[in-house]
Amino acid sequence: MRFTKDHEWVLVEGDTALVGISAYAADALGDVVFVELPEVGKTVNQGDSFAVVESVKAASDVYAPISGEVIAANDELSSSPEVINAAPEGTGWLAKIKLSDATQVEALMDRDAYEAFLSTL
Amino acid sequence: MTDAPNTETLKYTRLYQRHVDLGARMVPFAGYAMPVQYDGVLGEHKWTRAECGLFDVSHMGQARLKGKDAIATLEALTPTDFKVLKAGRQKYSLLLNDNSGILDDLMVSRPETDGLFLVVNAGCKDQDFAYIGRNLKGDTSLEILSDRALLALQGPKAKEVMAKVIPAACEMYFMDCGTFTWQGHTVYVSRSGYTGEDGFEISVHENQVAELWDALLSDPVVKPIGLGARDSLRLEAGMPLYGHEMDTGYSLAEANLGFAMSKSRLEAGDILGFDRLKPELDGGLTRVRVALKGEAGPPAREGAKILTEAGEEIGYITSGGPSPSAGGLIALGYVPPAFSEVGTNLTWDVRGKAYPCTVVALPFVKNGYHRKKSA
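Chains A and B are the protein sequences, given in the same order.
Reading the first sequence from the start, the letters are residues 1 to 121 in full-length UniProt numbering.
Reading the second sequence from the start, the letters are residues 1 to 375 in full-length UniProt numbering.
In case anyone wonders, no lab produced these hints; they're calculated from the structure.
No experiment lies behind these values; they were computed from the predicted model shown.
Even for Gly, the Cβ is constructed at its ideal location relative to N, Cα and C.
Some hints here could point you the wrong way.
To be verified - Away from chain B, derived, C-beta distances all over 12 Å, residues of chain A:
1. Thr43
2. Pro81
3. Ala102
4. Thr103
5. Phe117
As the list claims (entries may be wrong) - Covered stretches of chain B, going by a simulated chain A footprint (3 or more residues, C-beta under 8 Å):
6. 88-96
7. 295-304
8. 318-327
To be verified - With a Cα cut of at most 27 Å, we get these calculated DSSO-like pairs of lysine-lysine:
9. B:Lys83 to B:Lys372
10. B:Lys137 to B:Lys11
11. A:Lys96 to B:Lys372
12. A:Lys57 to B:Lys263
13. B:Lys353 to A:Lys57
14. A:Lys57 to B:Lys372
15. A:Lys57 to B:Lys11
16. A:Lys57 to B:Lys137
17. A:Lys57 to B:Lys164
18. B:Lys353 to A:Lys42
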């Protein structure tokens with residue numbers, strides 16, 4: 001699993017990747033009450049806002065950690081947004097993206113680097 | 001996670017360390033480091049509706065107006081008749097500017113026969129007290145009670161908790177107030193709050209607040225509640241929040257706060273900015289505060305546009321979010337009076353997409369006030 005400084009994660013499986021928000025981000029947001037998922041078939045560029053996660057208090061953009069085509073969205077989150085809090089780095093994934101540039105993944109932080117980054121916040 | 005605010009200018013209530021030790025997430029609010037949540041906003045919200053929540057609201061401003069012209073002083077700056085405020089009672093009121101714009105909302109009580117006790121919003125308190133201080137009439141003195149802390153105990157079980165700590169306060173009804181003794185110290189208590197639930201607000205000297213906090217929190221039905229749930233609770237109760245539903249641009253007619261205006265003051269026409277207010281009260285409004293309910297989709301938050309079903313922009317949201325207790329989505333906002341009737345179907349815009357909503361009556365969630373039953 002690789003991470004961005006905006007607290008998204010990427011888990012590569014072949015030429016696709018699951019993406020979501022980190023446990024740190026989910027904890028910082030608090031209780032998630034609504035998730036706006038990306039449309040399947042949409043092409044996203046790294047750094048684009050591609051989903052919105054909303055807590056009781058605020059709406060937060062989620063930025064695409066990598067570029068590619070959205071090939072699946074986690075529809076369970078539409079009816080059970082709290083799964084993001086329960087398992088942010090697992091069943092609380094947001095979308096599956098077909099990678100358009102695999103080298104982007106290598107430039108992201110591994111878990112150790114991300115933990116080190118979190119310790120500076 | 002505990003984010004200690006690192007802004008040197010922030011002020012701290014005497015309970016700061018208690019909040020940190022309880023695992024609160026501290027945020028800057030109105031110049032104070034305040035707990036926005038402890039375990040989580042949703043859980044704290046629901047706990048307050050079902051059990052009892054304890055809030056540190058020591059950041060709010062407290063003051064006492066004394067002297068034989070104290071009532072005249074306050075009446076000149078508000079639309080409320082305080083001559084009829086009996087000892088032991090409390091009134092909601094509004095501090096107005098010359099144009100009848102709302103400078104703040106406040107609670108005014110008479111816990112003692114001599115003088116009026118004021119509680120104002122934290123973010124407005126310095127300018128409120130300066131404004132009142134500049135406008136003191138005759139024999140009036142303003143005493144700013146900066147050494148007093150304020151706790152709110154709210155929820156259906158607040159009474160049973162209070163019965164063990166300040167039992168005499170349980171004899172009060174909604175919007176009653178009184179002076180009580182706790183552990184030898186004077187406390188001012190009112191039966192009121194900002195959640196729609198039964199409950200108490202307790203003014204205590206800051207030197208004793210930690211001890212009182214601990215005493216209330218030692219009851220297993222009591223949990224500490226942060227500002228996040230305080231906001232969602234007040235929204236469900238339909239209560240306006242200064243800086244959102246109200247500011248100096250709005251009149252009490254627009255903000256739909258006519259209950260803060262006494263009939264005698266309206267008849268006398270001696271309310272600040274009456275030239276502006278009177279035509280608005282007589283039907284000349286261009287916007288009025290409404291309550292909106294939606295069923296599905298993303299929450300409509302402050303700043304979201306309100307549209308007709310046909311897509312014409314007619315107003316805007318001032319507060320909005322999910323309703324943890326009623327379900328669905330709720331909001332307060334402003335629309336022209338023609339669209340303010342209960343049952344009017346409208347839409348609100350979130351990120352460029354319109355979602356249906358309906359004008360509803362307030363409150364969103366039935367209140368639990370302990371009112372005196374009429375004979």
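Evaluation of the provided hints:
1. Thr43: 19 Å, holds
2. Pro81: Given a closest Cβ separation of 10 Å, the condition is violated.
3. Ala102: It holds; Ala102 (chain A) is separated from chain B by about 31 Å at its closest Cβ, greater than 12 Å.
4. Thr103: Check passes; 31 Å lies beyond 12 Å.
5. Phe117: Given a closest Cβ separation of 15 Å, the condition holds.
6. 88-96: violated (count 0)
7. 295-304: holds (count 4)
8. 318-327: Since 3 is at least three, the answer is holds.
9. B:Lys83 to B:Lys372: The given pair, whose Cα atoms are some 22 Å apart, holds under the 27 Å limit.
10. B:Lys137 to B:Lys11: 32 Å, violated
11. A:Lys96 to B:Lys372: 59 Å, violated
12. A:Lys57 to B:Lys263: 38 Å, violated
13. B:Lys353 to A:Lys57: Holds, at roughly 20 Å.
14. A:Lys57 to B:Lys372: With a Cα-Cα distance of about 35 Å, the restraint between Lys57 (chain A) and Lys372 (chain B) is violated, given a limit of 27 Å.
15. A:Lys57 to B:Lys11: 23 Å, holds
16. A:Lys57 to B:Lys137: Not satisfied, since the Cα-Cα distance of roughly 43 Å exceeds 27 Å.
17. A:Lys57 to B:Lys164: 34 Å, violated
18. B:Lys353 to A:Lys42: Holds: Lys353 (chain B) and Lys42 (chain A) sit about 17 Å apart, inside 27 Å.
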